[in-house]
Amino acid sequence: MAQALTRRNFLSFDFGDRRTADDHWIRVHRVAMACRFEVMLSSSDSGDIAAARAALDEADELESLLTVFRDTSAVVDVNRRAAAEAVTVDEPLFALLARSAEIHESTGGAFDVTSTPLSRCWGFLQRDGRVPVAAAIAAACASVGMHHVRLDGERRSVRFARPGIELNFGAIGKGFALDRMREILRRRGTRRALLSAGRSSVLGIGGRGRGWPVDLRPRLAGGRVGRLWIKEGAVGTSGAGEQFVEVDGQRYGHVIDPRSGRPAAGVLGASVIAGDAATADALSTAFLIGGSDLARRYCEAHAETLVVLVLDEPARPTQVFGEYSRATLELLT
Amino acid sequence: MNLTPEQMLNGRRNFLRTIAGVPAVAALGAVSLAKGPVKGGRVRVGFIGVGGQGRALLSRVDHSYVEVKAMTDIRPDSLAAADAVLQKAGQPPAKHYTEYKDMLEHEDLEAIITAPPLWMHATIVTDCLNAGKHVLCEKMMAWDRDGYHRMMDAAKKNDRILEIGYQRNYNPIYRSAFDGVMKTGALGDIYAIRLSWARNGNWRRNVDPPSKDYDPSKWGYPTWDHLNNWRLYWRYSQGLFAELGSHQVNAANWFLNSKPARVQAMGGVYRFKDGREVPDHVFATFEYPGGITGTFSSIESNAFDERYEAFFGTKGTLIIRNENDAMLFDEGEAAARPTAVEVAPKGAGAALETSETKPAQAGGSAAAKSQQTTEGAKTISPSTYEINAFASAIRCDTPLNCGPENASHSASWTIAANEALKSGNIVAIP
Numbered sequence: 247m248a249q250a251l252t253r254r255n256f257l258s259f260d261f262g263d264r265r266t267a268d269d270h271w272i273r274v275h276r277v278a279m280a281c282r283f284e285v286m287l288s289s290s291d292s293g294d295i296a297a298a299r300a301a302l303d304e305a306d307e308l309e310s311l312l313t314v315f316r317d318t319s320a321v322v323d324v325n326r327r328a329a330a331e332a333v334t335v336d337e338p339l340f341a342l343l344a345r346s347a348e349i350h351e352s353t354g355g356a357f358d359v360t361s362t363p364l365s366r367c368w369g370f371l372q373r374d375g376r377v378p379v380a381a382a383i384a385a386a387c388a389s390v391g392m393h394h395v396r397l398d399g400e401r402r403s404v405r406f407a408r409p410g411i412e413l414n415f416g417a418i419g420k421g422f423a424l425d426r427m428r429e430i431l432r433r434r435g436t437r438r439a440l441l442s443a444g445r446s447s448v449l450g451i452g453g454r455g456r457g458w459p460v461d462l463r464p465r466l467a468g469g470r471v472g473r474l475w476i477k478e479g480a481v482g483t484s485g486a487g488e489q490f491v492e493v494d495g496q497r498y499g500h501v502i503d504p505r506s507g508r509p510a511a512g513v514l515g516a517s518v519i520a521g522d523a524a525t526a527d528a529l530s531t532a533f534l535i536g537g538s539d540l541a542r543r544y545c546e547a548h549a550e551t552l553v554v555l556v557l558d559e560p561a562r563p564t565q566v567f568g569e570y571s572r573a574t575l576e577l578l579t
Numbered sequence: 003m004n005l006t007p008e009q010m011l012n013g014r015r016n017f018l019r020t021i022a023g024v025p026a027v028a029a030l031g032a033v034s035l036a037k038g039p040v041k042g043g044r045v046r047v048g049f050i051g052v053g054g055q056g057r058a059l060l061s062r063v064d065h066s067y068v069e070v071k072a073m074t075d076i077r078p079d080s081l082a083a084a085d086a087v088l089q090k091a092g093q094p095p096a097k098h099y100t101e102y103k104d105m106l107e108h109e110d111l112e113a114i115i116t117a118p119p120l121w122m123h124a125t126i127v128t129d130c131l132n133a134g135k136h137v138l139c140e141k142m143m144a145w146d147r148d149g150y151h152r153m154m155d156a157a158k159k160n161d162r163i164l165e166i167g168y169q170r171n172y173n174p175i176y177r178s179a180f181d182g183v184m185k186t187g188a189l190g191d192i193y194a195i196r197l198s199w200a201r202n203g204n205w206r207r208n209v210d211p212p213s214k215d216y217d218p219s220k221w222g223y224p225t226w227d228h229l230n231n232w233r234l235y236w237r238y239s240q241g242l243f244a245e246l247g248s249h250q251v252n253a254a255n256w257f258l259n260s261k262p263a264r265v266q267a268m269g270g271v272y273r274f275k276d277g278r279e280v281p282d283h284v285f286a287t288f289e290y291p292g293g294i295t296g297t298f299s300s301i302e303s304n305a306f307d308e309r310y311e312a313f314f315g316t317k318g319t320l321i322i323r324n325e326n327d328a329m330l331f332d333e334g335e336a337a338a339r340p341t342a343v344e345v346a347p348k349g350a351g352a353a354l355e356t357s358e359t360k361p362a363q364a365g366g367s368a369a370a371k372s373q374q375t376t377e378g379a380k381t382i383s384p385s386t387y388e389i390n391a392f393a394s395a396i397r398c399d400t401p402l403n404c405g406p407e408n409a410s411h412s413a414s415w416t417i418a419a420n421e422a423l424k425s426g427n428i429v430a431i432p
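Line order of the protein sequences matches chains A and B. All residue numbers for the first sequence refer to the working numbering, where the first residue is 247 and numbers rise by one. All residue numbers for the second sequence refer to the working numbering, where the first residue is 3 and numbers rise by one.
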């Protein structure tokens, strides 16, 4: 419209609808799930700020559903009752449980939303890491395992096969929230946005040109590993760079391998690029635990998954597995 | 606005937080289409009036858009100071003139940027337009209504561009607030706005004349003080309503897509009884059609209330403070879910950096600075965008953000407010 104006009719035209150009970022953000949820827009899309706020409302809603820190959340309710009875849950929570079970299956148990007793055993729940005795680890392991969680799709209910099971969606919830936010943004007509939760979960929608530029910088990698250009898709990153305990010179990260009951080792940072953010989040945790072997096997069996691992070896080599068509990875050599 | 630091932090988190070091910048509209010299080369410009505001504009010229060929001022000291501005920018000196008509006659100029005392706006701008020049004129538009009508008529008759220098129209904070808050209806229904510009100081300028025998009487200033402090005399000035208020009313008219219909006002020379004519304290209440009431106040005795435009709606409050700091406060339930919006230049770096989540983020710092990658981003003043947009309009017919029609509405408010102040009546605004 603006381009069609001539100088003459400009003189009598009311520019109530003045356009904003494209050389700024608008970051709409809010604290949810104990981190910063953000919808990033290009300044030419400033009309989408209202949609961004509606999407952030969804993050709030999901937090009240999923949090284990409020007695009123649906997850706390399930944890309290599901060992005694089948608990019917709302659609989002059931969808999340079903997806968590699938990823548990496809990662050979490396991803497990029931590993809370192990995190508690190692002191990471209290942010007071310690090395437990073997018997304590074994006891915690007995209360861990997605195979103890029975889902009934028809009744949309969940039941624990034994007492002591605890659900915690810390390794997938933020990505799940970004996926739901994407749906809201799309329904409201937003075509382009870069969503993020904390620094670990990112979801790009409608990236123009090469896509949204996102740098990969796992904390223990000692710098930027590379840059992703995301047209459409998510990246999830896990690492032990920020939460760990050191005992007798040995560093133990906060991510516990649910299969062994011991902290994951061998990978400093794992980033996964996938079509949805819940999958990317969950797989990044799985590959931090399962390392190169699991990443390779998974990518052979699943299309549209790209994995970047920074290994805990003197040269800190970066390994890449799989492929993803709607993003470009530029590794720093 | 009397807010606690916590309230302000909260408000910024709620909306449009501009951080220190992030300039008030946006390439706006058509300007962003033309990086560097516009098609057809730089626009050949002459300045008329290089006093304080003229030199401020001169210092913000992007010389890839504009070539400053000549400058006019009746004060030699202002011309010398303007030379220094050009020299600092690495530009060749511009030719000096004392009479703008000589400059129009002898220089091959396409456009004029002008910031003379208000009473001369209409005469100078009309002469320039009739000489075939495009004009960017500093606000406010004209001292009286006849003046701004003559300016608009001359622009139409000569098919020349006329833009008035209300730089809020080119400020990314205002533009984002308009697009993201006003246009989306985030404030609900608005019935009240408040405009404030509070200062604590004497408006008077104490500068010696350029020489002992300097005589400005032939230009209509009987004494040196009439020229040096023209803002303090009614003959040349419309006082605080013009110099400060019209900026804010211009932005309010834009945001409300309306113009006020009537105004009442009070004020006077209360503090500085030094012979000045224009009040040092002014207060106006004005009304838009449909039931929106605005207030504007400007005082020269206390700066606590600062400078802001506040829009009060049934769903929220938008406050833009000091032209660089916007805050949004939700009403009711939504107030418990503070949302922040930051605007920052893109730069050459990544949009985001990703890593494992840091537990320290759990505290919820609104400004995770490490998350922002603005490398390569440049500081650009809204006035620079304004001048670039003016140049692009000349070269490429691209639209401008304010325009004479909108500027005339804020001028009309100013003139009516002073009439109301002097008469004590409620005055209709044409």
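Just so you know, these hints were derived from the structure itself, not from any lab. Glycine is no exception: its CB is placed at the ideal position from the N, C-alpha and C atoms. Please note: incorrect hints may appear among the correct ones.
[Said to hold, decoys possible] Chain B is faced by these chain A residues, among others (derived, beta-carbon under 8 Å): (1) Ile-272; (2) Val-274; (3) Arg-276; (4) Ala-296; (5) Arg-434; (6) Arg-438; (7) Ser-484; (8) Thr-574; (9) Leu-578.
Verification of the hints:
| no. | hint | verdict |
| --- | --- | --- |
| 1 | Ile-272 | holds, 6 Å |
| 2 | Val-274 | holds, 5 Å |
| 3 | Arg-276 | holds, 5 Å |
| 4 | Ala-296 | holds, 4 Å |
| 5 | Arg-434 | violated, 11 Å |
| 6 | Arg-438 | violated, 11 Å |
| 7 | Ser-484 | holds, 5 Å |
| 8 | Thr-574 | violated, 13 Å |
| 9 | Leu-578 | violated, 12 Å |
Going down the numbered hints, you'll see the structure goes against 5, 6, 8 and 9, while the others check out.
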